[in-house]
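Novice: Which chain is which? The protein sequence lines are A and B, in order.
Each residue of the first sequence is one higher than the last, beginning at 5 in this note's numbering.
Each residue of the second sequence is one higher than the last, beginning at 5 in this note's numbering.
Source of the hints: derived by calculation from the structure; they are not laboratory data.
Take the hints with a grain of salt, since some may be wrong.
For chains that are exact copies, the list does not tell them apart, and a pair is met inside one copy or across any two.
[To be verified] With a straight-line Cα cutoff of 20 Å, these simulated PhoX-like cross-link-like pairs (lysine-lysine) come out:
| id | residue 1 | residue 2 |
| --- | --- | --- |
| 1 | K178 | K63 |
| 2 | K178 | K288 |
| 3 | K56 | K178 |
| 4 | K378 | K248 |
| 5 | K204 | K401 |
| 6 | K282 | K318 |
| 7 | K288 | K318 |
Chain by chain, the residues run as shown.
Number of protein chains: 2
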Amino acid sequence: MTSEKRASCGLEWRVVITGGASEELVPESGLIRRAWLGILGLILGLKLKVWKFLERTWKVGVDDPRRVIHCLKVGISLTLVTLFYYLRPLYDGVGGTAMWAVMTVVVIFEYTVGATLYKGLNRGMATLLAGCLAVGVHSLASRSGDTAEPIVLGISVFLIASAATFSRFMPTVKTCFDYGAMIFILTFSLVAISGYRVDKLIDMAHQRLSTIAIGGSMCFLVSMLVFPVWAGDDLHLFVTRNMKKLANSLDGCVAEYFNDSQSDTDEEEPCQKSQGYKCVLNSKAAEESLANFARWEPAHGRFGFRYPWKQYLKIGSAMRYCACCVEALNASINSEIKAPEFMKKYLSSACLRLSYNSSNVLRELAESTKNMRKSSSIDVLIEEMNSAIEDVQNALKSLPHQVIQPPPPPQIEAAEKEKLQFIPTRSLPLIDVMPLATIVSLLIEIASRIEGIVDEVDELAGLVDFKPAMDEKPKQNQPTIKTHSEEQGQQEDIKALQKV
Amino acid sequence: MTSEKRASCGLEWRVVITGGASEELVPESGLIRRAWLGILGLILGLKLKVWKFLERTWKVGVDDPRRVIHCLKVGISLTLVTLFYYLRPLYDGVGGTAMWAVMTVVVIFEYTVGATLYKGLNRGMATLLAGCLAVGVHSLASRSGDTAEPIVLGISVFLIASAATFSRFMPTVKTCFDYGAMIFILTFSLVAISGYRVDKLIDMAHQRLSTIAIGGSMCFLVSMLVFPVWAGDDLHLFVTRNMKKLANSLDGCVAEYFNDSQSDTDEEEPCQKSQGYKCVLNSKAAEESLANFARWEPAHGRFGFRYPWKQYLKIGSAMRYCACCVEALNASINSEIKAPEFMKKYLSSACLRLSYNSSNVLRELAESTKNMRKSSSIDVLIEEMNSAIEDVQNALKSLPHQVIQPPPPPQIEAAEKEKLQFIPTRSLPLIDVMPLATIVSLLIEIASRIEGIVDEVDELAGLVDFKPAMDEKPKQNQPTIKTHSEEQGQQEDIKALQKV
Numbered sequence: 005m006t007s008e009k010r011a012s013c014g015l016e017w018r019v020v021i022t023g024g025a026s027e028e029l030v031p032e033s034g035l036i037r038r039a040w041l042g043i044l045g046l047i048l049g050l051k052l053k054v055w056k057f058l059e060r061t062w063k064v065g066v067d068d069p070r071r072v073i074h075c076l077k078v079g080i081s082l083t084l085v086t087l088f089y090y091l092r093p094l095y096d097g098v099g100g101t102a103m104w105a106v107m108t109v110v111v112i113f114e115y116t117v118g119a120t121l122y123k124g125l126n127r128g129m130a131t132l133l134a135g136c137l138a139v140g141v142h143s144l145a146s147r148s149g150d151t152a153e154p155i156v157l158g159i160s161v162f163l164i165a166s167a168a169t170f171s172r173f174m175p176t177v178k179t180c181f182d183y184g185a186m187i188f189i190l191t192f193s194l195v196a197i198s199g200y201r202v203d204k205l206i207d208m209a210h211q212r213l214s215t216i217a218i219g220g221s222m223c224f225l226v227s228m229l230v231f232p233v234w235a236g237d238d239l240h241l242f243v244t245r246n247m248k249k250l251a252n253s254l255d256g257c258v259a260e261y262f263n264d265s266q267s268d269t270d271e272e273e274p275c276q277k278s279q280g281y282k283c284v285l286n287s288k289a290a291e292e293s294l295a296n297f298a299r300w301e302p303a304h305g306r307f308g309f310r311y312p313w314k315q316y317l318k319i320g321s322a323m324r325y326c327a328c329c330v331e332a333l334n335a336s337i338n339s340e341i342k343a344p345e346f347m348k349k350y351l352s353s354a355c356l357r358l359s360y361n362s363s364n365v366l367r368e369l370a371e372s373t374k375n376m377r378k379s380s381s382i383d384v385l386i387e388e389m390n391s392a393i394e395d396v397q398n399a400l401k402s403l404p405h406q407v408i409q410p411p412p413p414p415q416i417e418a419a420e421k422e423k424l425q426f427i428p429t430r431s432l433p434l435i436d437v438m439p440l441a442t443i444v445s446l447l448i449e450i451a452s453r454i455e456g457i458v459d460e461v462d463e464l465a466g467l468v469d470f471k472p473a474m475d476e477k478p479k480q481n482q483p484t485i486k487t488h489s490e491e492q493g494q495q496e497d498i499k500a501l502q503k504v
Numbered sequence: 005m006t007s008e009k010r011a012s013c014g015l016e017w018r019v020v021i022t023g024g025a026s027e028e029l030v031p032e033s034g035l036i037r038r039a040w041l042g043i044l045g046l047i048l049g050l051k052l053k054v055w056k057f058l059e060r061t062w063k064v065g066v067d068d069p070r071r072v073i074h075c076l077k078v079g080i081s082l083t084l085v086t087l088f089y090y091l092r093p094l095y096d097g098v099g100g101t102a103m104w105a106v107m108t109v110v111v112i113f114e115y116t117v118g119a120t121l122y123k124g125l126n127r128g129m130a131t132l133l134a135g136c137l138a139v140g141v142h143s144l145a146s147r148s149g150d151t152a153e154p155i156v157l158g159i160s161v162f163l164i165a166s167a168a169t170f171s172r173f174m175p176t177v178k179t180c181f182d183y184g185a186m187i188f189i190l191t192f193s194l195v196a197i198s199g200y201r202v203d204k205l206i207d208m209a210h211q212r213l214s215t216i217a218i219g220g221s222m223c224f225l226v227s228m229l230v231f232p233v234w235a236g237d238d239l240h241l242f243v244t245r246n247m248k249k250l251a252n253s254l255d256g257c258v259a260e261y262f263n264d265s266q267s268d269t270d271e272e273e274p275c276q277k278s279q280g281y282k283c284v285l286n287s288k289a290a291e292e293s294l295a296n297f298a299r300w301e302p303a304h305g306r307f308g309f310r311y312p313w314k315q316y317l318k319i320g321s322a323m324r325y326c327a328c329c330v331e332a333l334n335a336s337i338n339s340e341i342k343a344p345e346f347m348k349k350y351l352s353s354a355c356l357r358l359s360y361n362s363s364n365v366l367r368e369l370a371e372s373t374k375n376m377r378k379s380s381s382i383d384v385l386i387e388e389m390n391s392a393i394e395d396v397q398n399a400l401k402s403l404p405h406q407v408i409q410p411p412p413p414p415q416i417e418a419a420e421k422e423k424l425q426f427i428p429t430r431s432l433p434l435i436d437v438m439p440l441a442t443i444v445s446l447l448i449e450i451a452s453r454i455e456g457i458v459d460e461v462d463e464l465a466g467l468v469d470f471k472p473a474m475d476e477k478p479k480q481n482q483p484t485i486k487t488h489s490e491e492q493g494q495q496e497d498i499k500a501l502q503k504v
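Start from the sequences and build out the full structure, keeping to the hints where you can.
Specialist: If you want it as structure tokens, here you go:
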């Protein structure tokens, strides 16, 4: 207890001097030293925190440099607007029109063009509508006498505000006009209770609307012309990237299971790769928000007017549906019950081929969607996938004959014997084959869900008229994840096994 | 072709008169009639649309009547604020302070208390901070001479706006202070470029802040005291409801598969019930937004200060992890490959018991979380679930002996013969048992994932000190989805099968 107290009260230093003797440093100038150390620790801690903060900030910028450009765009627009209104002779302080231009720029300018247009158009339309309605109510109220005026105003504000607030709960309004509904209430209330006469009101509204229009159109122009970030482009890339991630996950998972012994050297990569399906599973909110903003964007690049952005949501939904199965596959692969090694080996080639073909279809779909070009090889790839499914099913059908094969006769060669050493003479309990059966069945299910994605992409291709396929390089277009010799080896492997 | 043209040009009416003869109505006054019919159709169409719109609106209100109350709250608050500022003697038009009170109410008042507090506190803090900073910059600029003033102002607006915009990309700022960052830029720009002298600025800021404070605190009070909608309560209910949905889905799926023949009468219900896992899969965004707002709420009801709302996100994540497996289970159940009937029957009881026990654990968790009370029966239920897993595994282990059972001797009874008619004399190919093996393996995986949910709920119970369990009715507390006799029958069924 006392030593504890002592330790907490004063620092003790015991220094080993080169001679070998140790000397206890008496805390003579203890207070100053402690204060100094405390300050030093504080500074170091602060430095570390600042450093970490800067590191994180740097990462945010490096992850997507367009963010930095966006910030500069906002800064420049705002500076221009403020200085324009600051320097112009009509300037009359914050209460004047300058305020509305600044407010418009700050409130409207969003990261993507679509979001900026959504907010800007919502704001403009809502202000106009609410302004007209409010002028009507205002003139009605002012004609109804001094006593009735506040009553008419109060009732109208109550009714309009309640109804507009309720409309924000309607799904259509919520996705497309939520911001507009808020601005509608705001403008209506402000104009309705204003004390001006109607003719002055209209004059003021005209001035204010033109200021808002100037601020708004500057935002639109800067947002669309200076390094534009299109929500549509982002959605397009997001969905195609997710397809690739799903393909990598599938490959990673299956390879991890069947090539256990082979992948010791590059353990890091497949682990990270095979987690990509999690991004797909969590992509719903991001996709919906991007699709929501994309529909406000004008025709740009390869995306025409009334581009079917909603179809991307369907593709995304089909991918999440598939990713769910990859998740379950991942769980089965990490299951505690291990399948008999000989059975795993027997099914390995067929399963690897199925997963390879399935992920190839996904990769080809991603390429085709990304380039908005019909794929020349997708039909072949789907056929290959389906034949891989059949191969897996055939392998399964012929499996029990292998399993209950009688022990090899004594005159058999040694090599042959080694091959068969794992094969038991009796049928296996179902529990031993369960994880493997689950993996195979999930692989088949994943392949059928990939066909669902193919259908959705086909629908997109029909809706937006994908360009015809480039016929000159149908094979180069086809992505490869394994070297040719590897694939050949695998195919031979499968044939050899099928002969057995 | 001609008849087509004729049909499109004029409507033809053929009326069967009671005598039996049919008469063709010649379009004498065709134009008037068509116009009339067109108008009638238009009116009817409009009526139908208005009716549908009203129906949808009604549904939005009926689904959650708190929404209607919220709208009335907003309407009343806004009316009170506008009338107060309209009637008070200091009134000086829209440009005056009235505007800020109205704006505050419209912009801040959100559906949940948490969202209102988030916006209000963000707005207040950001206005205060930006105001102070802007007054400093303003006085610095005004002292630097007429030429340098706009340069100093321009640079400061550019730097502050860019930095604040960038901060909105930082994850922490994005979740907690996104709105504040926007208001910060707005206030800073407005105050920095204002043409007033510093002493007048401070006076004005004081007046404006007090108006905002009045508007804001009215929002807070109305939002918290009049039929409050707490984001925290909603999150709590949302998570517990999802647990129940997951339990129902699991029961529904498994019952659908194993009780195929029995559930012909009540087909509707299990179908709808078994789709509940989809709600769980799509719950991420809603949970995050609720948890985000909930942390701004003060202590209320059973939820104390610094309540660990983040733990609900972990529970939600564990549930989605489990729901993914239910999704895969659902797919396996609807698989085209049908398992041999005798095998399905053999495993039916054990699987039904496992799913029943698993969903019971979920239901008990939901009850325990909902009442924030430790469960007296959860340990027993988990044990039962684990023993059900073991039973399923044992059933699987003993299965092949059944499968390769020799054909029954001729002297066997007819009834016994019928029982065995599906049992083949040789081992089955793996492909036939695959769907069943997948279902069983997914059921086991789901049970293990439910334990993950149990762990997260346990952590929550530790963090917020759940009340001790009510010992007086440990059995009544346990939810039942089947009648006692049904359960007993099932248990006997399992025992009988285990004896075979």
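Novice: Of the numbered hints stated previously, which ones are contradicted by the structure, given in increasing order?
Specialist: Violated: hint 5 alone.
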